[in-house]
Each structure stands twice: as structure tokens, then as C-alpha cells.
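Trainee: Model the full assembly from the supplied sequences, consistent with the hints where possible.
Per my numbering, the sequence shown starts with residue 14, numbered consecutively.
Don't read these hints as lab results, they were simulated from the structure.
Quantities reported herein were computed from a predicted structural model and do not represent experimental measurements.
Take the hints with a grain of salt, since some may be wrong.
Straight line, CA to CA, 30 Å or less: simulated DSS-like cross-link-like pairs of lysine-lysine [said to hold, decoys possible]:
#, residue 1, residue 2
1, 80, 233
2, 233, 47
3, 224, 302
4, 330, 273
5, 330, 51
6, 51, 179
7, 178, 51
8, 273, 80
9, 233, 330
10, 262, 273
11, 178, 47
12, 233, 302
13, 224, 47
14, 273, 51
15, 224, 80
16, 421, 179
17, 302, 179
18, 421, 306
19, 306, 262
20, 330, 262
21, 262, 47
Ranges of calculated distance between the beta carbons of each label pair, as one might list FRET restraints [stated by the list, open to error]:
#, residue 1, residue 2, range
22, 76, 165, 51 to 57 Å
23, 416, 86, 31 to 37 Å
24, 324, 47, 44 to 50 Å
25, 122, 75, 37 to 43 Å
26, 169, 273, 41 to 47 Å
27, 306, 20, 42 to 48 Å
28, 89, 395, 32 to 38 Å
29, 332, 83, 30 to 36 Å
30, 95, 398, 51 to 57 Å
31, 318, 394, 45 to 51 Å
32, 420, 223, 24 to 30 Å
33, 233, 142, 24 to 30 Å
Beta carbons are placed, not taken as given, at the ideal position from N, Cα and C, and that holds for glycine.
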Amino acid sequence: MKSFGYGELGFYNIAVLFLVYGIGSFFSTATINKMGIKFGLVVGAIFKSLWVLACIVPAYGSQSSDKDYWLYSRDFIYPFQLIMSAICGIGNSMVWPAQGKYIADCANEETKGFFYGYFWAFYMSSQIIGNIIGASVLGAQNSVNFFYIMASLGFLASFLFIFLKKPFPTEARVTNTKEDTDTNELILSSQSISHELLQIKAKRGVIYDIKAVWYLLISKRMLTLIPQLLYGGIVVAITTGMLVPIIVKGLSEDYTDEDKKSQISLLIMTGLGVGEITGALSIGFIIDKLGSKMTCLINVGLCIASVIIALIVLNVKSTIPLSCVLTFFWGFHDGSLSSHTSEMLGFQFDTKMEPFSIYNLNKSIMVFIFSIIQSFVNESDIAMNFYFGAVGILGFIMCFNTYFFDFKTRSNSRQIMKQ
Numbered sequence: 014m015k016s017f018g019y020g021e022l023g024f025y026n027i028a029v030l031f032l033v034y035g036i037g038s039f040f041s042t043a044t045i046n047k048m049g050i051k052f053g054l055v056v057g058a059i060f061k062s063l064w065v066l067a068c069i070v071p072a073y074g075s076q077s078s079d080k081d082y083w084l085y086s087r088d089f090i091y092p093f094q095l096i097m098s099a100i101c102g103i104g105n106s107m108v109w110p111a112q113g114k115y116i117a118d119c120a121n122e123e124t125k126g127f128f129y130g131y132f133w134a135f136y137m138s139s140q141i142i143g144n145i146i147g148a149s150v151l152g153a154q155n156s157v158n159f160f161y162i163m164a165s166l167g168f169l170a171s172f173l174f175i176f177l178k179k180p181f182p183t184e185a186r187v188t189n190t191k192e193d194t195d196t197n198e199l200i201l202s203s204q205s206i207s208h209e210l211l212q213i214k215a216k217r218g219v220i221y222d223i224k225a226v227w228y229l230l231i232s233k234r235m236l237t238l239i240p241q242l243l244y245g246g247i248v249v250a251i252t253t254g255m256l257v258p259i260i261v262k263g264l265s266e267d268y269t270d271e272d273k274k275s276q277i278s279l280l281i282m283t284g285l286g287v288g289e290i291t292g293a294l295s296i297g298f299i300i301d302k303l304g305s306k307m308t309c310l311i312n313v314g315l316c317i318a319s320v321i322i323a324l325i326v327l328n329v330k331s332t333i334p335l336s337c338v339l340t341f342f343w344g345f346h347d348g349s350l351s352s353h354t355s356e357m358l359g360f361q362f363d364t365k366m367e368p369f370s371i372y373n374l375n376k377s378i379m380v381f382i383f384s385i386i387q388s389f390v391n392e393s394d395i396a397m398n399f400y401f402g403a404v405g406i407l408g409f410i411m412c413f414n415t416y417f418f419d420f421k422t423r424s425n426s427r428q429i430m431k432q
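Mentor: Here it is as C-alpha cells:
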């Protein structure tokens, strides 16, 4: 958005998107339970595609000679983009709990690492494909076509979700009856719940689902994991909002053409996708072989390494190879952290959708906060150094804290959640 002439609107878009995403997470479980996983995926994906399509307007505005035309003015673009970001946030709040539950239904204790790693690797391949398409389109000096292409792919994916098959019965971890029982056990686990709540009918309702999310949120086991969920939001804020400004800053001495800098930065950002795929698949293998507890220490190491590389890039003359290392390491870190977090949410708790709603809530809060912070620090080298230093300290504490989580073993993975 800055290259289109709309200042820090990109940061504000991300902030609003994740704010609504987080708020919607409290209600997404009820929506998906009532309408179904397929509804959540299809409608959520359509909302996300509309957000991409809406970016066509500021893209046209950047090419227009009449900057005062109402359609391209900041008075219209800012509220329009923020509204579309909110719609995308609603879509995100439906897509992520739905996909988390679907994968948990497909996987089992022996294959959980592979399933979540495979999903994240396939999902983040979009980073590679999207950035290559973007670089190619910018090479032709037509950014409008990029958004047309990406929106079309999004709507196509939304249509394909209609044909999504249900998990095979042998792969499903629990039946619908077991899920209702688990939710009652979840409510029992909170000491503050009155006995009357146990009389709630088996049929789910909006209030019931919201209460289930709340009681899981305040449970002792979830409170131990929340720091890692929050740190996941910080990483998302960095990968979506900070890497490109750092790369563009490093290219400024060698390139003056804005389109050329954007084109090269998109190609460099394919390293993020490669890192995401490599990290997700690698950590999936490690989870299945060594377990989730040891994976916590790997996440700590990746956090430290990623922050150190960011500080190096900020304090030396950045080159394209060094920028590629930066994006790869942050991608590897994000892929590893996200796959590990998703595996824990899917298998360390006795319900499958509520944990992902809580993840979305906490992650969204941090993306909102840190996107606003990044809109102020991204222009100053000193501020960015302090920023990444603070991220390193927070990341170390938040990731290492998960090492003390009360992990279920494979032998007792179906036990009732304890306080």
C-alpha cells in the first residue's frame, strides 16, 4: 500500500483483519458446529478472496493520473480497505478452526506430526507461487493483474472446498457423541462452573459453544500454552509486515525504480515459503519421532537464530543472498512453530475445535498490537534493532515456557483433561 501511495495502510489493514479475526474466534465454533466444516471453509475462503479483490482499487489508484478522483482518494480508500479487512477477518475466524478440526479428524497419534506438517507445507507453498506470480506481473509493470490473478485463484479454491470429503471413520479420532462428552468433561474441569451447566442439552447452541471456549481458555493446561500462542502472533506480524520493508531498505542503494525493488523483494520472499515448507515437514517428523516436549527446545533455538539473523541484516550492508537467508530462517521458524502449535491444539486437549478458536483469538490480539507497533518502527534502524531484540527476549521466554506443559503421552492421550 505504501508503494501505491497510501502510507501505512498495509499495517492498518493487517491490524484490523486480525482484530476482527480474534473477536470472531469466540463465535466461530458455534457457527461451524451449526453450519458444518465445509460451510466454514467455503464461506471463509470467499471472504478472504474478496479482500484480495478489493486491493484492485488502490492498485488502479496508483496508476491513475487523477489522484483526486473520489474512488482513489484516501477518504474512500482507507475506510473501504479497512472494511474489507474486517470481512477477511471474519473469513479467517471460520477457516482456521474448521481446518484444524478437519485435520485432527483425519490424523491419529502416530501420524499427527505428518498431517499438520503436510498441511502447513502445502498451505505455505502459496508463498512461493504467489510471490513468483507477483514478481512476474510486476516485471510487466502491471500490479492490477496480480490481484485479479490471486483473487481468481482464491475463488477457485473456495469452489473446490465444496467437494471436500469427510474423514474416513478409521482415521477419525472421536465420534460426534464423544465430542459432546468431551465438551461436558471440559466444562467440569473448571472449578468455577456450577453444577447446573451439566444439564445443558447435548444439542449445541451458541451460548453453549461460547462457554466451552471460555472454560477451555481459563483452564490450567491452556494457560500454560497461551504464551506460545501469543508468540505465534508476533511471528505472523513479522513475516507479514516487517520482512519486506527490511528487504526493500537493503535494495535501496542498488535500485531506484520502485517496481524493480518490489519485484526483487517478492522473489526474495519466496525464501519464506521454502522455509515454511521445510520447517513444517521437518518438525512434523521430529514430533512423530521425539515427541512434542523436545520440539519446544527446537523452537527456542529457531527463535534465537531468526532474531540474530534479522539483527545482522539490519546492521550490515544487506545483499540479496543475505536477505534470502533472512526470509528462509523466519519461514522455517514460523513453519516449525505453527505445525507444533497446531499438533498440540489438535491432540493435547479433549476437544478439537475450541482449542483452535483460542489460538486464533490470542494470535490475532498479538498481530493487531505488533502490526501497530511495526507501523511506527519500520522507518528507523535503531527502533527496528530494539524491536527485534525485544522479540528475541519474548520469544525465548514464551517458547521455553511450553517445555513445562503437561504433555499427554500416547498411552494416556485419551484421558480427561486435568487441572
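Trainee: Each hint: holds or not?
Mentor: Evaluation of the provided hints:
1. 80 x 233: The given pair, whose Cα atoms are some 55 Å apart, is violated under the 30 Å limit.
2. 233 x 47: Holds, at roughly 28 Å.
3. 224 x 302: violated, 36 Å
4. 330 x 273: With a Cα-Cα distance of about 19 Å, the restraint between residue 330 and residue 273 holds, given a limit of 30 Å.
5. 330 x 51: violated, 49 Å
6. 51 x 179: holds, 9 Å
7. 178 x 51: holds, 9 Å
8. 273 x 80: Status holds; Cα separation ~23 Å.
9. 233 x 330: The given pair, whose Cα atoms are some 47 Å apart, is violated under the 30 Å limit.
10. 262 x 273: Distance ~13 Å between residue 262 and residue 273 Cα, so the pair holds.
11. 178 x 47: Distance of about 18 Å is within 30 Å: holds.
12. 233 x 302: Roughly 27 Å between the alpha carbons, so the hint for residue 233 and residue 302 holds.
13. 224 x 47: With Cα atoms ~15 Å apart, residue 224 and residue 47 stay inside 30 Å; holds.
14. 273 x 51: Violated. Residue 273 to residue 51 sits at ~41 Å, over the 30 Å cutoff.
15. 224 x 80: violated, 50 Å
16. 421 x 179: With a Cα-Cα distance of about 27 Å, the restraint between residue 421 and residue 179 holds, given a limit of 30 Å.
17. 302 x 179: holds, 28 Å
18. 421 x 306: holds, 10 Å
19. 306 x 262: violated, 39 Å
20. 330 x 262: Measuring from Cα to Cα gives roughly 10 Å; hence the hint holds.
21. 262 x 47: violated, 48 Å
22. 76 x 165: 51 to 57 Å: The hint (51 to 57 Å, Cβ to Cβ) is violated, given that residue 76 and residue 165 are roughly 20 Å apart.
23. 416 x 86: 31 to 37 Å: violated, 52 Å
24. 324 x 47: 44 to 50 Å: holds, 48 Å
25. 122 x 75: 37 to 43 Å: This hint is violated: roughly 51 Å between Cβ atoms.
26. 169 x 273: 41 to 47 Å: This hint is violated: roughly 30 Å between Cβ atoms.
27. 306 x 20: 42 to 48 Å: holds, 45 Å
28. 89 x 395: 32 to 38 Å: holds, 36 Å
29. 332 x 83: 30 to 36 Å: violated, 44 Å
30. 95 x 398: 51 to 57 Å: About 30 Å separates the Cβ atoms of residue 95 and residue 398, which means 51 to 57 Å is violated.
31. 318 x 394: 45 to 51 Å: Violated, at about 21 Å.
32. 420 x 223: 24 to 30 Å: holds, 28 Å
33. 233 x 142: 24 to 30 Å: violated, 42 Å
Checked against the numbered hints above, the structure violates hints 1, 3, 5, 9, 14, 15, 19, 21, 22, 23, 25, 26, 29, 30, 31, 33; every other hint is satisfied.
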